[in-house]
Amino acid sequence: MNDKRQVRLNRLAVHRVGNKAKEEGVIASKELVDLRDEQLMDLLTNYFLAPFKQEEFFRFHHTSDLALNEMFAYAALMFTEPQKFLEYSVHVLNHLYEQSDHPKVKSGELYVVHLSGCLMEDDIVDAIGIFKSENKDTFLTFQEEDDDLSMNYHFGVNIKSVDKGCLIFNTEAEDGFRVKLVDANSTDAVFWKEDFLHVTELKDTNFNTKTALNLCKDFSEEVFAQTDSKKAQVDFISRSVDYFSKSETFDLEEFTSSVIDEPETAERFKNYTQAFAEERDIEGFTDFAINKNTVKNMKRKFRNFIKLDTQIEIKFSGYNPEQSEQYVERGFDQERGMHFYKVYFHSES
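Under my numbering, the letters of the sequence shown match residues 1 to 349, in that order.
No lab work stands behind these hints: they were computed from the structure.
Treat the hints with care, since some could be wrong.
Unchecked claim - When the alpha-carbon atoms are kept at most 20 Å apart in a straight line, the in silico DMTMM-like pairs for lysine to aspartate or glutamate are as follows: (1) Lys-301 / Asp-218; (2) Lys-104 / Glu-24; (3) Lys-231 / Glu-329; (4) Lys-136 / Asp-183.
As the list claims (entries may be wrong) - Have a look at the derived ranges for each label pair, beta carbon to beta carbon: (5) Ser-347 / Asn-158: 45 to 51 Å; (6) Glu-253 / Ser-349: 39 to 45 Å; (7) Glu-267 / Asp-309: 31 to 37 Å; (8) Glu-38 / Glu-194: 36 to 42 Å.
Ideal Cβ placement from N, Cα and C applies to all residues, glycine included.
Take the sequences, apply the hints, and build the full model.
Okay, here's the thing in structure tokens:
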């Protein structure tokens, strides 16, 4: 949902939710927010949608019956009976309060919104948004009167960032809808994602691509890091990222043969991959379409430099395998009793 220009904010209910462990209670609004002010509506729409930049999609789930997932049920009702939107938003409020029983959960405002015009691939769908603001900022305000300027301050919500939120898109309802999440507070992330929403990540192209890249990262750290040379680790990472950047699909056999030269290491990688997939209960991990946006976002997680104990770092720009394979050599100086790297270049800049 990258195009936000056609999204329309249709309904908004605002409530206050406290911490149940502290018996703070809730305050439920009796009416929906008046959205006739176009500037207010534009500010709120941007406030709600701006944080959702990640590729991950989730879906509601339940161990026995999806219909028993409370948030799934409330979302389905709000889509099918919009005239009862305020009533169902209060149910969402009470459900959130019941889950807010940990001392670290902060009180705050709960926003339940109905959006239309959301682009999902080639379809235009409605969405239910659920957001929570927990942190307050101090704002300076100025008033000009009789050629003089006065200053005051107010406490309020900074609309540049959402503390917690989710967007529930009205598509694939039979499979738990498609859901996006945002949570700026990592200390109680389990509370929002698992206790309140009870969602699991959708195993799509983003999931497969991200998981495969994390597999490469873990393998490089657990296998290549055990060798004497960090260069082998950088070589493997550079080749891996290069493969994902240039290929449209991932094929395990093709990837292994093109990235790893040594037969023994290749066999270890295949065994590592199998154990990795079984441990995480992942199926269909040997062949899938590569999500290019995920590759772009994941690159910064990979180490592309060699840090030496002599306070020197060798950093490679980007993930070009030729840089480390053709222009950097590793050796050992018998006279000094030290390892060394030899770097080739045409000119300095």
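Status of each hint after checking the structure:
1. Lys-301 / Asp-218: Holds: Lys-301 and Asp-218 sit about 11 Å apart, inside 20 Å.
2. Lys-104 / Glu-24: Holds, at roughly 13 Å.
3. Lys-231 / Glu-329: Holds. Lys-231 to Glu-329 sits at ~9 Å (cutoff 20 Å).
4. Lys-136 / Asp-183: This hinted pair holds, its Cα atoms lying about 16 Å apart.
5. Ser-347 / Asn-158: 45 to 51 Å: holds, 49 Å
6. Glu-253 / Ser-349: 39 to 45 Å: For Ser-349 against Glu-253, whose Cβ atoms are near 41 Å apart, the range 39 to 45 Å holds.
7. Glu-267 / Asp-309: 31 to 37 Å: holds, 32 Å
8. Glu-38 / Glu-194: 36 to 42 Å: With a Cβ separation near 38 Å, Glu-38 and Glu-194 satisfy 36 to 42 Å, so the hint holds.
Hint violations for this structure: none, all hints satisfied.
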